[in-house]
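So the sequences go chain by chain: W and R.
What the first sequence shows, in our numbering, is residues 1 to 992, in sequence order.
What the second sequence shows, in our numbering, is residues 1 to 456, in sequence order.
The set of hints was computed from the structure by calculation and includes no laboratory data.
Fair warning: there could be bad hints in the mix.
Lysine-lysine pairs mimicking BS3-like chemistry, simulated, CA-CA at most 25 Å apart [said to hold, decoys possible]:
(1) K151(W) / K424(W)
(2) K177(W) / K598(W)
(3) K103(R) / K18(R)
(4) K780(W) / K404(R)
(5) K404(R) / K598(W)
Rough simulated footprint, nothing fancy, chain R against chain W, three-plus residues with beta-carbon under 8 Å [unchecked claim]:
(6) 814 to 827
(7) 902 to 914
All C-beta atoms in this analysis are idealised placements derived from N, C-alpha and C, irrespective of residue type, glycine included.
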Amino acid sequence: MKEQYYKSLDDLIYDARQAAEEVDSGDRKSILQMKKESRSEATSRRDFLKLFGFTIASAAIATSCQQPVQKAIPFLIQPEKIIPGEASYFASTYFDGNDYCSVLVKVRDGRPIKIEGNALSPVTRGGTNARTQASVLGLYDNKRHKNPKFKGKKISWEDGDQQILEALAEIKAKEGKLVLLTGTIISPSTNAVIQEFLAAHPGAEHIQYDVISASGMLQANEQSYGKAFIPSYDFSKADLIVSFDADFLGSWLSPIEYTKQYSERRKLVDGQRSMSRHLHFEGGMSLTGSNADERIQIRLSQEKLVIANLYNELKKLAGEQPVNLPASPVDITKVAGELIAKKGKSLVVSGSNDLETQLLVNAINELLGNYGNTIRTDVHLKLRQAMDADMAGLVDRMEAGQVDGLILYDVNPVYDYPQGERFKTALQQVPLSIALPILGEETSEHVQYICPDHHYLEAWNDAEVKSGSYSLAQPTIRPIFKTRAAQESLLKWAGNPVDFHTYIQNYWEKNIYPQAQDGQAFIDFWNSKLHDGIFESGRKEDGLSAYNGERVPTILAQVKGLKGNDALELNLYTNVSVGTGKQANNPWLQELPDPVTKICWDNYAAVSPKLAKELELEDEQLVMINDFGPIPVVVQPGQEHRTISVALGYGRVNLGTPEGTVGKNAFPLVASENGSLRYTLKQVNLQKVEGDYQLAKTQSHHSMEGRNLVRETTLEDYLANPASGNEMREELKSHLKSLYAQRKFDGFHWGMAIDLNSCTGCNACVVACSAENNVPVVGKEQVIMAREMHWIRIDRYYKGDPDNPELVRQPVMCQHCDNAPCENVCPVAATTHSNEGVNQMAYNRCIGTRYCNNNCPYKVRRFNFFDYTGADAMPGNTIDPAEMTTDLRRLVLNPDVTVRAKGVIEKCSFCIQRIQEKKLAAKNESRQLQDGEVVPACAQSCPADAIVFGDLNNKESRISKFFDDERNYHLLEELHTLPSVGYLTKVKNKTV
Amino acid sequence: MYTSPLREPLIRGNKNYKQVTDDILSPMAGKPSKYWYLGIILAGIAALFGGWATFRTVFYGIGEWGLNKTIGWGWGITNFVWWVGIGHAGTFISAILLLFRQKWRTSINRSAEAMTLIAVMCAGFFPLIHMGRLLLGFYIFPYPNTRALWVNFNSPLLWDVFAISTYFAVSLVFWYVGLIPDIGTVRDRAKTKIRKAIYGFLSFGWTGSAKHWSRHETISLILAGLAAPLVLSVHTIVSFDFATSVIPGWHTTIFPPYFVSGAIFSGFAMVLTLMIVTRKALNLEEYITINHIESMNKIIILTGSIVGIAYLTEFFIAWYSGVEFETYAFFNRAFGPYAWAYWIMMTCNVITPQLFWFRKLRRNVMFTFVISIFVNIGMWFERFVIVVTSLHRDFLPSSWTMYKPTLVEVGLYVGTLGLFFTLFLLFIRVFPVIAVAEVKGVLKSSGENQKLTGHE
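Excised from the complex, chain W in its bound form (with noise of 0.2 Å):
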């Protein structure tokens, strides 16, 4: 026989089973035998025809019904506790050199698609913020390095690290200086790579840097306990806490922590009839100042001044003797009064930079014996390490020529660096420069050799965030590009070339696990603290001294007093969206509104209305601000007469959007006074420019105009009665009458409850939402038109002053009435009451008519105006400015939640996957479903704890308490839409 050639292997697997199965079958032939015989036999007119008609046929069919071939195969062999279409949860730890929370990952199906907090942390305490909220979308980012590289050009990790061995021993046998660049290091492990890095480099030495430094504390500390530390503060334990400038709810150290501590003293629910009062001075309108009982203006420039007022008033109230001080702007009398009551009770923060500053600050705590109560010396927070001097130092010595060797390690200081420019073409006098960056940078385009590190989420770390609170972060996915473990190409260039994973374990075991004394062998506890993500081990630091107070008089001698008053000061700040710029392309972040002025997709200078008036400012008109510049200038009421402020974090090149940048960076203004950084400028010039820039805002109307949205009363009002600011709560009830019977609801009736009283407005909630819904980003141009596309939004508005205003907020999402008024105006029956109290959407059914969103007096509803997800059945349609459908981005949508498509109208769910995921847990389990079983995304995300959900049928459920509270009411309860969501009043600590 002849020799069968075979094209493909489907023939030659047929012909084998062919023949070994079916040798008797004689009638049943190979595809091979068939195609030879109809090959042999002359073609018929008959089986022209045929094929004639059917080709064509198949033609037409196949080029008008393209319908895009989409495989799903199955697991071969099943993977033990991977179920598909079931989440695991792994815990692990966000750290970005700024930020710290303790985290769960969700993963599906192999991708980790959300963050939630992890109640298990004592420091974070589940709770988490924006910026960690929207850090997963950042693994699967287009603009990562997917590759090492060398000048530019892709390089093999065993050539480069080949070429970067050799580099380094040149380095070594020349005796050349060394250095590596780093951010904060809070990683145990990581600190023990670099000190085996350190070892086998002799003379190669460390350095820290932060973006945002807190060097004045850290030598404040030094001056006052012999130590550059920072203490762990404990905002629950203080009565009264007086905050000069110090943004702890949105960005001053470690705010998740921070807002979880206060939050905790701001709630009157649960039996608590107290709360703490918080006092706030500072010159822009902060997160933190906004949420104040009180509120005063001040120049940051002064801010010193004022402290050392406050500080002689108390040593006059605790019987010491004062000294001459030139007087204080504003009056702090009250404030001294009020701090000597609460001796030990109290905190004093300032967010400065500034050496004296903090050293006063010192002094004043010290004073008023608020160390050991409500600040801890012997546990240490370890989030800024960074002294200022020794960056300058490094970029001095770059500069002449005598640093050989840089290794950058998560750091861009091109970009955030005040002095970047100089740090650029310093860059260049360095022979052998190594970046290991995670994003495409700034700085790392000027590096010779670029070795991407991993992504958190696919990466072994580990992290002591204050003394003895030990976290670990775990892989949850597999590296999507060629990256390696920063820490990984550190050891191989040490000489050690072993994994990050094994080293971890081993670090853990010979140094963290003796700390642990419970008799359990290694490997169960390091199986247990992976799981839970955290391991508290209690150690305590020891090594400070008794306070020295030594230098506060000679700082009290030197306080100037005020010198001219017209000089304009610029402050710059850091948003709760984009911080310092690191998740700059990030658009969950970009789209997200600051909480105060509502605006997203850019950074602006924020001027006073009394400046605006005085220098014919508008809105949107735009300035220089020294040679900074044009950035829009938007009138923010609250706002120091004289001062200007401007976010940092933004201006990072080609990112943001697909092309282009977001916002102007701010960074280059950073100025440097006495050997540290000063986030405040105390003269600038602002020169108007022609022309104006459209800003993208999510709310234009700032007033309530004396509607009854967010009802407010003070804390000795509501003591007396505690529905003083609701007594309309009452009245409105009697009226609500209805021919109707009020449906009633069998099984479960969903509720959700907001405390206003404890909601700071951080935005977690927003991203969260966005993250668990598949909530599109819709890009600056479509905001501008009011079309974003958010579940939950904050509303803010101002009352009072434009000067000196109050101002309140109002987390808004779908209410899902009983009695909605878009459900019976929906023509195709699209949007309906379920039997469980949830108001539904079927997005199949959704013809777009946005009747119900007219119709609904929240607003909450969503319109997909385009296609903005390609989930639209026409093709090339699709509006995507924030690059958000490529299909690697796509791998963070969330399959539990439909994508929608173009011209449909979406909204708030109650999170109703997560209810039906739960409900399906406890029906299997036979068992009814507890209390707080269900939390949807904005409710896990809020480390405020102002969101409660649960059955309003269970009388016992935490939400029937919340819902029988004197405080509860319903947003436009006259309209008897019976909402099932409900908002409890918000109670200042303020006398009138």
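Using the hints, position chain R against chain W.
Chain R only, in chain W's frame:
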């Protein structure tokens, strides 16, 4: 038959039946004039503009419009209500005036009905195009399906579907039934075979026998009886779109009568606009006399005043109800950012029509033409004010926004105007613009010759 000597003749010139036929059918014969060509080219270009806008809307989405998270309806629904309103005059004239035995209707009912049909087509286009998913628009019909999905009979939008389609169907039948005797005439006068065949088919074998006439009269009366309540119901139901909602400025019980009178108001204005041009262009001044124009002006002043009273009542109720949202909504209408639209509406709808109290002005053709345009503009703004100013500032100030139409929305509006005039221009070429048979019916009693010699 007795006719009042005080009443002016309805047909001027000493016409006999042949002259009537010749006069009215002359525009259908021969080649169209260059003005007709110019008109249809302009209208066609406008319609193409609309086609482009339609494509953009369907392909890219409603985002091509200026709508936003707060304002879900803008020009689209404004135009819809405006066109439906215009579509009220025809059936009002032919049905209600027939029932009231108003003989002057005979000269204008045909073209008014044609205008109604075209206007309703233009109106119907907007609810379709404003859907986010037009291709699934058929969900709105209660058809049996395997998924057991049903429509929501509580929704006023669904009522609209039925109201408009019923109205369109009845108006079409009524109009066509009225056309049959005239088509017979056209057929009989046709000189080419094709023309004869087409009109022969369209005339349904009309012979003009007494039996045919008798049946024709009967069915006309029955249809008039059917159509008359529809005139009132359609706009009532359209107004329910707003009245049954909770939005301040929409949630108003006065809406049904207010909308119906507004619709007749705007419909008559549009009839006037068209008739004044048509009678001039087609030399029909002897059939559509100044007397007709005056009669229509009287209806305009009546309905315009009803609308004016409605505006004031709304304000009174807004204050009297004590509802803060309602009070604010009306304050915002008159003095808010869209106050200019409100005052255009007030000027055009309430103030200028009052000038028709002067006989001289109401019998002035040029003045009537200008005012009719004003009313058209004013009524468009009325709908704009209702739709947009109510929505843009509703309950929660945090969601307040502004709305500005885009070129695509303008294109859709201009496109429907183009469609309207294209179809109207085609209509005057293929059908008699005046009901020949009906005019002949009143010629003996109300013709000029009759009036002059009536007392012999």
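Against the structure, the hints:
1. With a CA separation close to 15 Å, the supplied pair K151(W) and K424(W) stays within the 25 Å bound.
2. Between K177(W) and K598(W) the alpha-carbon distance is near 48 Å, which puts this suggested pair outside the 25 Å criterion.
3. A threshold of 25 Å between alpha carbons decides the hint, and for K103(R) with K18(R) the separation of about 20 Å falls inside it, so the pair holds.
4. For the given pair, K780(W) sits about 18 Å from K404(R) by alpha-carbon distance, which is consistent with the 25 Å threshold.
5. For a cut-off of 25 Å, the pair hint linking K404(R) to K598(W) stands: about 22 Å separates their Cα positions.
6. Note: the segment 814 to 827 of chain W has 5 residues with beta-carbon separation from chain R under 8 Å; the three-residue rule is met and the coverage holds.
7. Check on the segment 902 to 914 of chain W: 4 of its residues sit with their Cβ under 8 Å from a Cβ of chain R, so the three-residue criterion for coverage holds.
Of the numbered hints given earlier, the model fails hint 2 alone.
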